[in-house]
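Student: Chains as they are written, first to last, in the working numbering: chain U, 242 to 494; chain R, 645 to 1254.
A couple of the hints might just be wrong.
Result set (DSS-like, lysine-lysine): computed pairs, CA atoms no more than 30 Å apart in a straight line [as the list claims (entries may be wrong)]:
no., chain 1, residue 1, chain 2, residue 2
1, U, Lys317, U, Lys461
2, U, Lys386, R, Lys945
3, R, Lys945, R, Lys1051
4, R, Lys991, R, Lys712
5, U, Lys317, R, Lys712
6, R, Lys1229, U, Lys317
7, R, Lys1229, R, Lys1249
8, R, Lys1249, U, Lys317
9, U, Lys317, R, Lys945
10, R, Lys1051, R, Lys1249
11, U, Lys386, R, Lys1051
12, R, Lys717, U, Lys461
13, R, Lys712, U, Lys461
14, R, Lys945, U, Lys494
15, U, Lys386, U, Lys247
16, R, Lys1229, R, Lys991
Here are the computed distance ranges between Cβ atoms for each label pair [said to hold, decoys possible]:
no., chain 1, residue 1, chain 2, residue 2, range
17, U, Phe314, R, Phe1250, 21 to 29 Å
18, U, Lys461, R, Leu730, 31 to 39 Å
19, R, Ile950, U, Leu251, 32 to 40 Å
20, R, Arg729, U, Glu306, 34 to 42 Å
21, R, Phe676, U, Ile341, 35 to 43 Å
Note that these hints are calculated values from the structure, not bench results. Every residue gets a Cβ at the ideal spot worked out from N, C-alpha and C, and that includes glycine.
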Amino acid sequence: MEHPSKSSVLLLGLLVLGALAVLTAVEFAIALTVNIWQVLAVIPIIKAALVFYYYMHIYRLFQAETNVDRESFAYKLATNRIGLWLFLISDSFIFGGLMISRINLLGLTRPDLIQVLGLVVTSVLLISSFFANRTEVSMEYGDRKQFILSISLTISLGILFLIGVLGVEWRLAPFGPETNLAGAIFYIMTGFHAFHVFTGVIFLAIVLRNGLRGLYSAEKHWAVEASVVYWHFVDVVWFFFYPALYLIGTLAK
Amino acid sequence: MRKLYSIGLIRGLLWQILGTAIGIGILTGIRFLLHLPVWKAESAFVFGALLGALFFVYGIGAVDDWIKVAAGKEIHEADESSWGRLRYFGVSLDHKVIGIQYLVLSLVLMVVGGSFAMLFRSELANTGMQFLTLMEYNTLMSLHGMVMIIGILVGVAAFMNYLVPMMIGARDMAFPRLNAFSFWLAVPASIILLSSMALGGFDTGWTGYPPLSARAPIGIQMFFLGVSLAGMGTILSSLNVITTAIRMRASGMTGFRLPIFVWGSLATSLISLTATQLIGLSFQMVMFQRLFGMGFFDPAKGGNPILFQHLFWFYSHPAVYVFVLPGLGIISELLPVFARKPLYGYKWVAISSFGIALIGFLVWGHHMFASGMAQYLRVPFMYSTLLVAVPTGVKFFSWLGTLWRGKIVFPVPMLFVLAGIVVFLLGGLTGPPNATVATDLQLTDTYFIVGHFHDTMFGGYIFPFFAAIYYWFPKMTGRRLNETLGKIHFWLMAPAFIILSSMMMRTGLLGMRRRIADYDPTLNITNDHRVMTVAGFLIALGILVFIINAFWSRRNGEIATGNIWNSRSPEWQVPSPMPVHNYDKPFEVVGEPYDYGLPDSVYVKFMEEE
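Pulled out of the complex, with its shape left as it was, chain U reads as follows:
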């Protein structure tokens, strides 16, 4: 397989990040001004499509098989990819169920949350996704220093996100899980998502430790790819949860 040049991959990663940032800003502006829920529902889909294609490389699932030897690394890698994506499909049903519960119970109202904090944690997670992409790319190009720097940044930003949601928002929210429906929905949605972020951080930390010991190479780094794809997936979930919790509708009483 022929690799594009290193700088063009970096440029592509930055472009995607820029597009995601612009879309998030548009989302925020629409929410503050006209608050048309249809637009706020479509923007996350566009963002998810960008991440699926450019960061999670969904097209790799459909690439023609070059190696048909069952015991080869390439064949097993393709099998592993299918397994991981099936897991993500399955997982997305639980988040879909949470979204349906939110729509059913809250409709066009939303919990009373700190808007600035919401924007900050969303940006933190977005940027972490960019560095997760850098992690994978630098591993592909065998750039060890870049790899360690990027994955450390990804983990730190992930932890920062957890502090923002669990440490600040959960503490400052004017309601508890038992106060009202908005509280119940807010805590279960952020709770399920934070649990996934937490497992992603652990996964990345294990990959970092093994990467420091030199267990991955430019050719064989399935664990790196898996942890990064999982991380992107968790980010995509937040693309949908952020407008659902912070932006759509009027304040719930």
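Starting from the known structure of chain U, fit chain R onto it as the hints suggest.
Tutor: For chain R alone, coordinates are given in the frame of chain U:
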């Protein structure tokens, strides 16, 4: 003592007890530190049970290899051939061992769930309360439902694990460690589910609808937790089956040369991979509602109990297709063997499994016609439900077409297959009255539904399941199950079951409500109930004969190492019991799978090594 500890299952159970104790301790400690009232039984038991399950899978060693990978160590596949019988009691990565482990667990669960049925069936033999309290009755009735469902899920996994890699010519499943993990999750999950009896039981039926489940005794939490964990195992195992069927097929095995059972397994796995998450979510939401006071389904806080029913039935209706699709696959698999004729309309049968699965995602609302959901939703759900009859009808036509003018022989597996078809037809024909809104409003929550449901389960799962055991037992052990005992089992079970389910429907039409512990003597159905109770015990007697048969034949049965059924399927072309790594030589698929009775037709050809 050390020898005992080296047995995986016992080690796991000890660790589970330890984990439960630690969990209860940790939670109580946290409450102490937070200056809350120290003892809160509900959260302590939930956290304890969860930690107990995790400790179980760790203690038995199901995650050892993953921990090693995470620690950056090399992992090797252990040579299991020297372990002997003990490998069935510990973590094994061989799909055949895991399949048999699943099978045994499934039989144990179904015997337990069946005994619950015997208990409350005896209670119903007379009006008034005989020997059970109302709460005991409710607990047994609810647990009968869920224990049987988990038992069936485990049994489905048993045959998918055992047969799919063999039929497609793979050495093992795509992810052997994940496979072992999913099985060993089912064991603590079953224990947690059954432990609900010790914690006050619960009275909601297997559906666990709030608001009743929000104020049932603590036992309901064990029910929710056990089902969530078992569901997690099902999801992972179906992920494994799909990947295996996509990636590990022998060369030449194109989509329309796949055995029908593999098609059925794929369709089943597609449902359990996705929809299972929603029953897990709905149960966890009630768990959280009870633990933290979140108001999802609490009308006093603005919550919506109907939402629970939507989330719940989104899985629980497709779940019945999870149960029956592999069973229908087994019927299609076995019929051509015993009719010595090609399977009629192979392609349509293959596609119909997916048809049933996909339509199955759109029909959940028919369980809620009387629930108070929006009225305009009733009609679309009615039509989508009636639509399921089309792909199911395709299967029936295929079976009839296969039998038509065949040279039919009647060994025990064939008897069970034929009974499966008849009973499933009964279940199928009593379905449309429940799917049609006008009649369903009369029939809902009566014994008619109970009869219909048991017909579909026995026809679609239990009878094919026993057919499969009688058919593949030689493959597992190298010995055949005794034919005479098998016939006794069949003639005890099949007529008794048909009487039982017909009587259920009859009493339902006469006014017997489902799930209740007592009924009005003036309904004049006491005698019907007595007949049902006797029929139920006859079924149990049949199962007992089967269990004796299995134990006896495993040691003393007629030796059967060859292709005793004269099947074309690849697993019968090699000696029984199956060699450790399935096929020494890879095979190539060169023909159609079910061309029985056609001269010069070959399905698989083993490649000679150069």
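Student: Take the hints in turn and mark each one as holding or not.
Tutor: For each hint, the structure was consulted:
The straight-line distance between the Cα atoms of U:Lys317 and U:Lys461 is roughly 11 Å, inside the 30 Å bound, and the hint therefore holds. Taking the CA atoms of U:Lys386 and R:Lys945, the gap is near 54 Å; set against the 30 Å cutoff, the hint is violated. With a C-alpha separation of about 66 Å, the suggested pair R:Lys945 and R:Lys1051 falls outside the 30 Å cut-off, and the hint is violated. Restraint check for R:Lys991 and R:Lys712: the C-alpha separation of about 45 Å exceeds 30 Å, so the hint is violated.
At roughly 19 Å between alpha-carbon atoms, U:Lys317 and R:Lys712 fall within 30 Å of each other, so this suggested pair holds. This hinted pair checks out: R:Lys1229 and U:Lys317 have alpha carbons roughly 21 Å apart, not beyond 30 Å. Distance check on the hinted pair: R:Lys1229 and R:Lys1249 sit about 10 Å apart at the alpha-carbon level, within 30 Å; holds. Our distance criterion of 30 Å between C-alpha atoms is met by R:Lys1249 and U:Lys317, whose separation comes to about 25 Å.
Proposed proximity of U:Lys317 and R:Lys945 is contradicted: the alpha carbons are some 51 Å apart, above 30 Å. About 26 Å separates the Cα atoms of R:Lys1051 and R:Lys1249, which keeps this hinted pair within 30 Å; it holds. A threshold of 30 Å between alpha carbons decides the hint, and for U:Lys386 with R:Lys1051 the separation of about 72 Å lies outside it, so the pair is violated. Taking the CA atoms of R:Lys717 and U:Lys461, the gap is near 16 Å; set against the 30 Å cutoff, the hint holds.
Among the hinted pairs, R:Lys712 with U:Lys461 is consistent with the structure: their alpha-carbon atoms are about 18 Å apart, no more than 30 Å. Between R:Lys945 and U:Lys494 the CA atoms are separated by roughly 12 Å; this keeps the pair inside 30 Å, and the hint holds. As the CA atoms of U:Lys386 and U:Lys247 are separated by approximately 15 Å, the hinted pair is consistent with the 30 Å bound. In summary, the hint linking R:Lys1229 to R:Lys991 is supported, as the alpha carbons are separated by about 29 Å, within the 30 Å threshold.
For the pair U:Phe314 and R:Phe1250, the beta carbons lie near 27 Å from each other, so the given range of 21 to 29 Å is met. The supplied range of 31 to 39 Å is met by U:Lys461 and R:Leu730, whose beta-carbon atoms lie about 35 Å from each other. For the pair R:Ile950 and U:Leu251, the supplied restraint of 32 to 40 Å is violated, since their beta-carbon distance comes to about 51 Å. Checked against the hint of 34 to 42 Å, the C-beta distance between R:Arg729 and U:Glu306 comes to roughly 41 Å, which is consistent with it.
At roughly 39 Å, the beta carbons of R:Phe676 and U:Ile341 sit within the given window of 35 to 43 Å.
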